[in-house]
Amino acid sequence: MTFENLLEIWRETNIPFEEVILTEEMVETGMDPVIIKNNMKRLVEVMITEAEKNYGKKHESLTGLTGENAPKLLNYSPKLLSEFNYVATLTALSTAENNASMGRIVACPTAGSCGVVPAILYALKKVKNASFDDLVSSFIVAGAIGNVVAKKATISGAAGGCQAEIGTATAMASAALTYYFSKDAEKCGHAASLALKSLMGLVCDPVGGFVEIPCVKRNASAANVAIATAEMALSGIESVIPFDEVVDAMYRVGKMMHEDLRETGNGGIAVTPTAKKLVNDIKKRWI
Amino acid sequence: MSMLDVVGPVMVGPSSSHTLGALKIARFAYKLIEGIPEEVEFYLHGSFAKTYLGHGTDRALIAGILGLREYDYDIKNAYNLAKNYNLKFSFIETDLGDVNPNTVLIRLKKDNKINEVQGASIGGGAIKITKINGVDCDLSGDYNTLIIVNKDIKGALENILRIISVNVANLYLKRTNILEGRALTILELDEKPSNLNELNKLECVIKYFYVGSDNDDI
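Sequences listed follow chains A and B, in order.
For the first sequence, the working numbering assigns the number 7 to the initial residue and increments by one for each residue that follows.
For the second sequence, the working numbering assigns the number 700 to the initial residue and increments by one for each residue that follows.
Treat the hints as calculated values from the structure; they're not laboratory data.
These numbers were taken from a predicted model, which means no experiment stands behind them.
For glycine and all other residues, C-beta sits at the position ideal for the given N, C-alpha and C.
Treat the hints loosely; a few may be bogus.
[What the hints assert, rightly or not] Taking lysine to aspartate or glutamate pairs in the EDC-like style, the calculated list, with each CA pair at most 20 Å apart, reads:
| hint | chain 1 | residue 1 | chain 2 | residue 2 |
| --- | --- | --- | --- | --- |
| 1 | B | Lys808 | B | Asp851 |
| 2 | A | Lys157 | B | Glu792 |
| 3 | A | Lys157 | A | Asp287 |
| 4 | A | Lys158 | B | Asp704 |
| 5 | A | Lys64 | B | Asp773 |
| 6 | A | Lys47 | B | Asp794 |
| 7 | A | Lys63 | B | Asp773 |
| 8 | A | Lys59 | B | Asp773 |
| 9 | B | Lys749 | A | Glu25 |
| 10 | B | Lys749 | A | Glu89 |
| 11 | B | Lys808 | B | Asp704 |
| 12 | B | Lys830 | B | Glu857 |
| 13 | A | Lys289 | B | Glu792 |
| 14 | A | Lys131 | A | Glu89 |
| 15 | A | Lys290 | B | Glu792 |
| 16 | A | Lys47 | B | Glu792 |
| 17 | A | Lys59 | B | Asp771 |
| 18 | A | Lys43 | B | Asp794 |
| 19 | B | Lys749 | A | Glu265 |
[To be verified] Examples of chain B residues lying across from chain A (beta carbon under 7 Å, computed):
| hint | residue |
| --- | --- |
| 20 | Met702 |
| 21 | Met710 |
| 22 | Arg768 |
| 23 | Tyr770 |
| 24 | Thr793 |
| 25 | Gly796 |
| 26 | Val798 |
| 27 | Leu856 |
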């Protein structure tokens with residue numbers, strides 16, 4: 007499946023894009039669209055419930071490396087971010103810290119990138135009073151974007167670097183936001199392209215191999231990339247390179263990435279002197 | 700691949716390969732022996748051995764042995780739960796040879812019987828059961844799985860297949876003990892056979908284990 011296929015059907019039929027997606031899913035997997043939609047509803051429910059429960063909460067992660075970021079932002083009046091960006095950033099931090107402390111999350115597309123999509127869904131709900139049904143429709147568009155990446159390339163950090171995880175999550179979130187405000191599938195494609203291009207080349211370099219540094223904060227800044235690229239797409243700005251081609255390019259970059267930069271904890275941020283010291287301290291504590 | 704393979708599952712973090720995958724391997728072992736063992740040893744290999752404490756792999760493995768599902772909040776409290784169930788457990792860092800870096804060998808003791816399950820977490824929460832009681836296999840855990848210890852005699856497989864009333868997706872068969880004349884037959888099935896009990900009537904069947912898939916319910 008390519009994104010262009012979905013766009014073609016949407017252009018020809020004029021059916022709402024989320025229904026085009028559900029029908030294509032049925033054709034490809036044989037699954038009843040009602041069942042797919044019910045599953046998607048449940049995932050949105052879990053994301054919103056957990057976002058609400060963990061909003062700004064302090065967490066204790068297993069390593070102690072993260073867990074206090076969300077409360078800091080909660081007790082601070084933003085100087086620069088809009089209310090929407092602020093809520094999204096805080097939600098992304100809370101969700102990712104909840105993940106690091108063995109809380110319940112929706113892998114979206116992965117556990118390490120689980121903060122980005124709930125960030126924008128929860129901000130839509132809290133700041134824009136979005137209805138549950140509208141959130142589900144937007145989430146279906148996000149799912150289609152993720153599925154295109156998974157089929158054409160990879161969503162695994164070990165295979166394609168963090169661009170494949172956070173990059174995909176951000177493209178999904180950006181398309182979901184764009185769909186919420188425009189219902190325009192073309193614009194969703196542009197938003198997803200702009201988002202993925204922004205994070206292309208991103209290496210996967212977790213300190214000690216743990217999903218904490220730099221993963222948690224990457225979720226938070228990626229939520230803002232999703233918002234900025236959605237805003238661009240909504241204004242009519244187009245990605246010159248179509249989404250399918252951006253995905254192919256991302257995959258090629260992922261393959262060229264050295265193994266040390268793909269979730270091994272042997273490259274990037276993970277091998278800075280401070281990171282090495284932190285990991286040593288943790289190991290000493292465990293022995 | 701479906702959209703639902705890309706978004707979801709609902710799980711307890713932090714890592715799909717180190718937490719979710721580990722839980723699924725252990726839960727397979729729990730289902731294999733039909734309940735919680737008295738004692739369990741986890742032999743951790745590669746990346747599992749290096750980072751299991753920081754990824755909660757230890758808690759996920761215990762939770763799986765206790766039969767918890769991947770979205771259960773109690774995974775975090777697995778140590779306390781183990782105490783409540785009087786489960787004796789130990790983690791042993793080891794080298795299992797040329798296997799996937801996220802591999803665990805689980806040795807379970809229940810009713811004075813020992814069973815072993817070896818599995819690898821291959822990414823995104825997907826698992827591969829690579830060995831059951833020493834016999835190599837390649838099971839996804841996504842199918843209903845029937846494992847039969849049978850006599851290594853002519854017509855054994857034919858008789859077993861005659862009883863199994865449902866479609867077979869994959870089949871593994873291996874002679875396990877020449878002296879005792881034993882073989883292991885592993886079948887991955889599209890649905891659960893309604894007449895599994897009838898396997899007991901077959902002379903060639905020594906014992907069987909049935910591991911139902913978790914995919915039907917969410």
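List of violated hint numbers, smallest to largest:
1, 2, 3, 6, 9, 10, 11, 12, 16, 18, 22, 24, 25, 26, 27
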